[in-house]
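Asker: Generate the whole structure from the sequences, applying the supplied hints.
Protein chains: 2
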Amino acid sequence: MIKRGKNALFEIVNQTKAWEGTIRLVAEKAGSLKSLSEGIEEVVFTGCGSALNVAWVLAPTFQYYTGIKARAVPSADCVFFPDTIFTTGSPTLVVPISRSGDTTETVEACKSAHARGMKTLSITCNLESQLARMSTESLVLEPASEKAVVTTQSVTSMVLCGQMIAAIVSKNGELIDQLKSLPAIGQTIIEKSHALGREIGENESIVKFAFVGNGPYLGVAKECQLKIKEMVVLPSDSYPVLDFRHGPKSNVDEQMLVTVLMSDSAREAEIAFIKDMKALNGVLLVLCEKANSEVVGIADYLVEVHSGLPEFVRPILYLPVVQFLSYYRSLLQGQDPDSPRNLTYYVALEGAMGN
Amino acid sequence: MIKRGKNALFEIVNQTKAWEGTIRLVAEKAGSLKSLSEGIEEVVFTGCGSALNVAWVLAPTFQYYTGIKARAVPSADCVFFPDTIFTTGSPTLVVPISRSGDTTETVEACKSAHARGMKTLSITCNLESQLARMSTESLVLEPASEKAVVTTQSVTSMVLCGQMIAAIVSKNGELIDQLKSLPAIGQTIIEKSHALGREIGENESIVKFAFVGNGPYLGVAKECQLKIKEMVVLPSDSYPVLDFRHGPKSNVDEQMLVTVLMSDSAREAEIAFIKDMKALNGVLLVLCEKANSEVVGIADYLVEVHSGLPEFVRPILYLPVVQFLSYYRSLLQGQDPDSPRNLTYYVALEGAMGN
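Chains as they are written, first to last, in numbering that gives the first Met the number 0: chain A, 0 to 354; chain B, 0 to 354.
Keep in mind that the hints were calculated from the coordinates and are not lab data.
One thing to keep in mind: the hints can contain errors.
One copy or two, either will do: identical chains are not told apart, so a pair holds if it fits within one copy or between any two.
[What the hints assert, rightly or not] Only pairs whose alpha carbons sit at most 30 Å apart, straight line, appear in this in silico BS3-like list of lysine-lysine:
#1 Lys207 / Lys274
#2 Lys274 / Lys110
#3 Lys146 / Lys274
#4 Lys274 / Lys179
#5 Lys207 / Lys191
Remember, predicted model here, so these are calculated numbers, not experimental data.
Answerer: Put into structure tokens, the structure is as follows:
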């Protein structure tokens with residue numbers, strides 16, 4: 000008998016090896032990345048599902064470091080609503096993101112970009128894929144490919160890949176050094192996160208989940224939400240931190256885990272938010288660089304990453320604890336984290352894209 | 000005894016009067032809107048909660064009609080992560096949106112824009128508000144102001160306001176005529192939607208909700224999700240249509256109402272999606288201009304608006320049925336739609352914005 004979730008667990012525990020491979024691989028392409036980005040006025044990161052969450056982390060990160068406008072867009076909108084995204088006369092680089100490299104609407108988004116004369120730089124984990132073959136340039140993260148249906152190490156690696164691109168394009172040597180430190184720091188975090196993620200995952204009094212983050216952390220929050228939806232099949236939300244106070248907070252009670260992905264820039268507002276959620280009896284998981292005594296006192300669960308890294312570098316360090324949490328809750332509920340119900344390894348849409 | 004939800008019901012039923020007032024009011028400001036938009040290279044629509052959902056409808060609509068880049072951004076990101084949104088040397092107009100005009104982070108976003116030398120055009124329903132006083136120009140939709148905590152007519156009116164701005168800036172007379180036809184068409188839709196919304200709302204076998212839409216309909220889907228969260232306090236999601244197939248669909252079963260907000264551009268893919276959801280036993284509510292026989296056969300509930308209007312004009316016609324649905328389910332559950340638990344008329348954050 001094969002143990003349920005064997006692949007997912009292996010991929011969560013060992014993901015820093017994929018990160019190392021990713022850093023090496025992107026660094027080797029530095030020359031072509033620099034020339035590809037010359038004269039570019041806007042970058043559009045596009046994908047579906049987890050890959051769209053990666054785009055949500057990368058767009059603010061890329062614009063922050065390079066000063067080049069960047070946005071995250073669902074692949075289908077590039078195909079069906081291109082005039083809401085692309086403007087004429089503004090040289091744009093499209094970055095299609097897809098683990099399989101064969102997701103129908105992301106492949107179509109790539110074709111649509113080429114038809115408009117735009118260059119593309121795809122991020123995928125599959126060398127034999129359509130995206131790898133058709134894009135102007137592609138970064139194929141084979142060390143990050145996965146056997147499980149659910150994405151874990153591929154997500155963190157594709158984020159790291161995009162961060163490396165931002166560092167290379169902005170010629171930011173300090174950032175490259177910081178990114179290179181992530182695998183070693185990540186290994187420690189993963190070891191610390193394993194037992195805690197399991198403890199939270201096995202707390203059956205929690206039956207609904209909310210993840211909140213600002214700036215680049217909104218994409219991480221969306222990815223956490225998706226892990227719960229895929230592996231645990233329980234109600235799960237993601238919101239910008241302060242937006243959660245405008246309506247969605249009406250759902251908070253002692254059965255909801257509210258996970259706060261803390262930044263540096265919005266730290267004060269996030270601490271006020273944490274107090275507010277505790278007053279509503281929410282169960283709090285706080286992920287941060289380092290907590291103050293107030294947060295230590297309030298948080299039910301706490302991960303401090305102690306990375307010494309800036310907020311735009313840290314996002315992938317927050318994911319492992321939620322990957323573990325989802326994994327163990329999934330097992331507890333008798334599901335198979337490797338192969339959740341209703342899902343396939345990638346989504347192909349036969350004849351649904353009008354071509 | 001005051002009837003629960005009296006104000007919300009009045010505001011849903013009579014919202015086309017607010018639409019008429021909105022059209023008149025924006026048309027009167029045509030001259031100053033044209034001069035305000037001269038030389039602008041990007042428009043940033045920003046808000047929190049429902050107002051952010053309005054921004055999500057308006058950004059693609061504005062870019063589509065004007066050819067000027069537009070994006071929707073949470074107010075807090077304008078304050079805490081401005082370098083992920085604004086670029087130097089690109090003349091930008093910021094459009095802060097807030098019913099009360101006093102939402103803390105949206106007021107701060109407005110200040111932050113002014114500090115960067117940008118012009119602002121606020122959309123609010125309150126003449127005495129900070130936003131109305133401080134913005135470069137403001138559109139104060141007093142006929143759309145509300146007594147209920149939950150936003151209904153203010154949302155549809157603020158969307159219509161932004162559509163009018165797009166029409167004026169792009170000097171699109173045909174679009175203005177189309178927008179002017181919305182109150183009369185809307186009145187018919189509201190009458191048709193009332194009984195159906197009540198029927199769905201009182202179907203207690205439905206205990207979770209998903210709303211999906213592409214392009215400008217994603218913002219509408221987000222607003223539908225928020226109405227459920229605020230008034231009904233049950234699990235509720237929103238996604239781009241095809242993204243829903245990447246993970247979240249694992250939650251679909253006969254207890255989930257899947258509401259599809261149909262566009263024209265992605266119609267074929269949306270019909271394929273509808274079939275897919277039915278195969279998973281989801282309960283389907285389809286909102287569209289006109290259904291084909293296949294959709295008529297599959298949909299459990301159907302609203303055809305028969306407006307003769309393009310997809311970027313129709314979004315507010317899809318909202319009333321979900322407003323009614325939320326209202327009646329809220330009543331059935333013994334809640335007060337006028338004043339949901341944990342919520343206030345607007346959100347003020349004391350000292351949490353670091354100033």
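Asker: Are there hints from earlier that the structure breaks, and if so, what are their numbers?
Answerer: 4
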